[in-house]
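K.L.:
Okay, here's what each chain looks like letter by letter:
There are 2 protein chains.
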Amino acid sequence: MEVVHIGRLVASVTDDNNKIKTMQDILFDFISKYVSLTEDEKNALLSLDLFHSVKKGTILLNEGQKTQDNFFVLKGCIRVYYIIDGEEKTTAFYTEMVGLTPHCVRKKVPSDYFISCVEDCILLISNTDMSSKVNSKFPKFDAMCRMLSEELLVKQQIDFDEFKTSSPEKRYLNLLQKRPDLIQRVPQHQLASYLGIKPQSLSRLRARILEKSKD
Amino acid sequence: MEVVHIGRLVASVTDDNNKIKTMQDILFDFISKYVSLTEDEKNALLSLDLFHSVKKGTILLNEGQKTQDNFFVLKGCIRVYYIIDGEEKTTAFYTEMVGLTPHCVRKKVPSDYFISCVEDCILLISNTDMSSKVNSKFPKFDAMCRMLSEELLVKQQIDFDEFKTSSPEKRYLNLLQKRPDLIQRVPQHQLASYLGIKPQSLSRLRARILEKSKD
Chain S
1 MEVVHIGRLV ASVTDDNNKI KTMQDILFDF ISKYVSLTED EKNALLSLDL
51 FHSVKKGTIL LNEGQKTQDN FFVLKGCIRV YYIIDGEEKT TAFYTEMVGL
101 TPHCVRKKVP SDYFISCVED CILLISNTDM SSKVNSKFPK FDAMCRMLSE
151 ELLVKQQIDF DEFKTSSPEK RYLNLLQKRP DLIQRVPQHQ LASYLGIKPQ
201 SLSRLRARIL EKSKD
Chain Z
1 MEVVHIGRLV ASVTDDNNKI KTMQDILFDF ISKYVSLTED EKNALLSLDL
51 FHSVKKGTIL LNEGQKTQDN FFVLKGCIRV YYIIDGEEKT TAFYTEMVGL
101 TPHCVRKKVP SDYFISCVED CILLISNTDM SSKVNSKFPK FDAMCRMLSE
151 ELLVKQQIDF DEFKTSSPEK RYLNLLQKRP DLIQRVPQHQ LASYLGIKPQ
201 SLSRLRARIL EKSKD
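As given, the protein sequences belong to chains S and Z, one line each in that order.
Mapped onto my numbering, the consecutive letters of the first sequence carry residue numbers 1 to 215.
Mapped onto my numbering, the consecutive letters of the second sequence carry residue numbers 1 to 215.
Worth flagging that the hints you see were computed from the coordinates, not collected in a lab.
Wrong hints could be hidden among the right ones.
Said to hold, decoys possible - Result set (DSSO-like, lysine-lysine): computed pairs, CA atoms no more than 30 angstroms apart in a straight line:
| hint | chain 1 | residue 1 | chain 2 | residue 2 |
| --- | --- | --- | --- | --- |
| 1 | S | K75 | Z | K164 |
| 2 | S | K212 | Z | K212 |
| 3 | S | K133 | Z | K164 |
| 4 | S | K155 | Z | K212 |
| 5 | Z | K89 | S | K137 |
| 6 | S | K170 | Z | K164 |
| 7 | S | K198 | Z | K155 |
| 8 | Z | K137 | Z | K164 |
| 9 | S | K198 | Z | K212 |
| 10 | S | K108 | Z | K33 |
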């Protein structure tokens, strides 16, 4: 995996108000929604060298590989997919301000899926050892991890229920409403797989929806 | 909702070795896999009157209802379902030693689904206030809740991925392998809905699998 460690202040983006924000700013803005950090705590976090720049197409995790790594997307999009009977099955896309702990990390087994970068990404990559050291030193981080994990659990429950109770058309409409950016950002065949349908069904479905919207 | 508070020692079951175990024993056995409790902590837990006996068919939560209740199944089976266009869509069954915090509890909104008892049940019913009071007094409980929540997150991720990447037949075979008891315990139309198929498709699928197993 070609991952480049980047300095705290190097990578930057322009926000909605045309203000230049460093990745560090973005991270601390996000954290401040959960807990307020002292300068000491901020420095402790920065000293961990968590920021990484990763090129589009990079495989972050292979099937069969063991890992202790957690990923948090500051910029870009990563994809989880399985290869089943030679066919890629995409199960998730993670975009800005969402974290992923592969389930093989918690289960301490080789991964049964792949993770790759759909776009050039800036990620926080931490490992379980690192997290537990920081969390035991700064209970605030621990509290935040817990809040994030609970939020994720709820989000996942809702997504799963929606997937189970929706037709492919309904799933696509949900996605249009909740994550409209995703439809522009990821290749159509990956999107189709994510929705649990064939690429040609996705094309037909989109045409049908477009037709309806003209009525 | 007709829920009967029951004493700590009243309800009992016979385990695999024909030993009579009270619900209290079963709960403490379960907890001991995560943390070891002192007598004080055990008594604190028992003083909360968490044990409830609930009859088959009882609706524990209605669509549109607000709740702060968490459910943990000591005995029996509870079902989560939505009613969409007049049709029931079952998304989950919770059986022995599994807990459910409805997502409306965490989001503080009315529930978008129903929870009902598929069998006579013995449940622990706690609410969020109660949990935070106990957890702040006994950090051990807090640690356990966190472990359970992490386990649940992993389990849910795996279930979701399996659902997304499997054909209905594969989903049924997975269920046969992972939760064979469920197939006997719940009505076939609920099981079909849970697998995302029509009841008649489930019958055909079972017949096909039976036929294959004879070859």
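K.L.:
Of the numbered hints stated previously, which ones are contradicted by the structure, given in increasing order?
P.N.:
2, 3, 4, 5, 8
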